[in-house]
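The sequence shown runs 1 to 291 under the working numbering.
Hints in this document: simulated from the structure, not taken from any laboratory. Hints may be right or wrong, so weigh each one.
Label-pair ranges, simulated between beta-carbon atoms [what the hints assert, rightly or not]:
1. Glu39 x Ser193: 35 to 41 angstroms
2. Gly142 x Val105: 43 to 49 angstroms
3. Ser52 x Gly258: 56 to 62 angstroms
4. Leu48 x Tyr172: 48 to 54 angstroms
5. Tyr172 x Asn244: 25 to 31 angstroms
6. Ala154 x Thr90: 34 to 40 angstroms
7. Val236 x Thr66: 42 to 48 angstroms
Each residue gets a CB set at the ideal place from its N, CA and C atoms; glycine is no exception.
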Amino acid sequence: MRYITFTTAVTAQPSAWIRYFQRINWSQVLDKILGTALEIVLFTILFLLVNSIGKRLINRGFKSYTNRPGVSSTRSKTMHTLSINVLGYTVFFFYMYAILSVLGVPVGSLLAGAGIVGIALGLGAQGFVADVVTGFFILLEGQIDVGDAVRLGAVTGTVTAVGLRTTIVKSYDGTINYIPNRNITIVSNLSRSNMQALVSLPMRADADLTAVREVIDQVNDQLVPKVKAIRQGPEVLGMTETGNGSFAYQVKFLTQNGEQLAVQRQFLAAYIEALHKAGIDLPSAALTLTK
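Turn these sequences into a full structure, and let the hints steer you where they fit.
Dropping the structure here:
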């Protein structure tokens, strides 16, 4: 008797499923599926067109901007890439919003939940956001470019890369410094104007300054026309006290940025050699012996 009851239940179950599927309006379901698919296709085509037109406008705008005189190609490329990425993320966000709305997903509830998660993530990513914002304004204002000689806090060297999150500076001893943009508070750009090269010649207090001046002028007349990095000068400052009873004879130049040390060394060697040939002895630093 139990076996017969079980068989009846099993055979009755498929009939319930059949009746359930028979009550479904398959024509209406098919229309709904086709309508939703058509809306998704239309939204996809629309946002692809928006993305394509936006990229063309950005490319055209940056092409004309790069051709302007005085515009850094590195900064232009970085801002160009940033603009393309912002456009892509914006289009993708609204595309996903439209697709989820078509599918009937409660986007408002999802955004509310995402807002709570975003607040939690934002509290842990404040440093990253500060890096990106600071990097954006460094690029926008053109404070530094790749190849510039800069001083950023305690780091001095040549800029090798400028990004939205970090700036890379190569020190003169070869050290590579990765500096988070939020730590850049004062930017000292040494490549935007002429730089000073100061040549200091140690001099005795009883030196014949007239003879020294004649030798300096002779060296300047011969060497200055050959050094293309000099922008202004030389300006002979003359004798000055350097402290502890010692004196120096100084000559000042304004040179092309980045060339000041080379000009300083070149003229210092030429002055010393010419003064020795003229019989003018220069004092040497006193040797101090310690036990």
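Now for the hints, and whether the structure bears them out:
1. Glu39 x Ser193: 35 to 41 angstroms: The hinted range 35 to 41 angstroms is violated for Glu39 and Ser193, with Cβ atoms some 60 angstroms apart.
2. Gly142 x Val105: 43 to 49 angstroms: Holds - the Cβ-Cβ distance for Gly142 and Val105, about 44 angstroms, lies within 43 to 49 angstroms.
3. Ser52 x Gly258: 56 to 62 angstroms: violated, 43 angstroms
4. Leu48 x Tyr172: 48 to 54 angstroms: holds, 50 angstroms
5. Tyr172 x Asn244: 25 to 31 angstroms: The hinted range 25 to 31 angstroms holds for Tyr172 and Asn244, with Cβ atoms some 29 angstroms apart.
6. Ala154 x Thr90: 34 to 40 angstroms: holds, 39 angstroms
7. Val236 x Thr66: 42 to 48 angstroms: This hint holds: roughly 44 angstroms between Cβ atoms.
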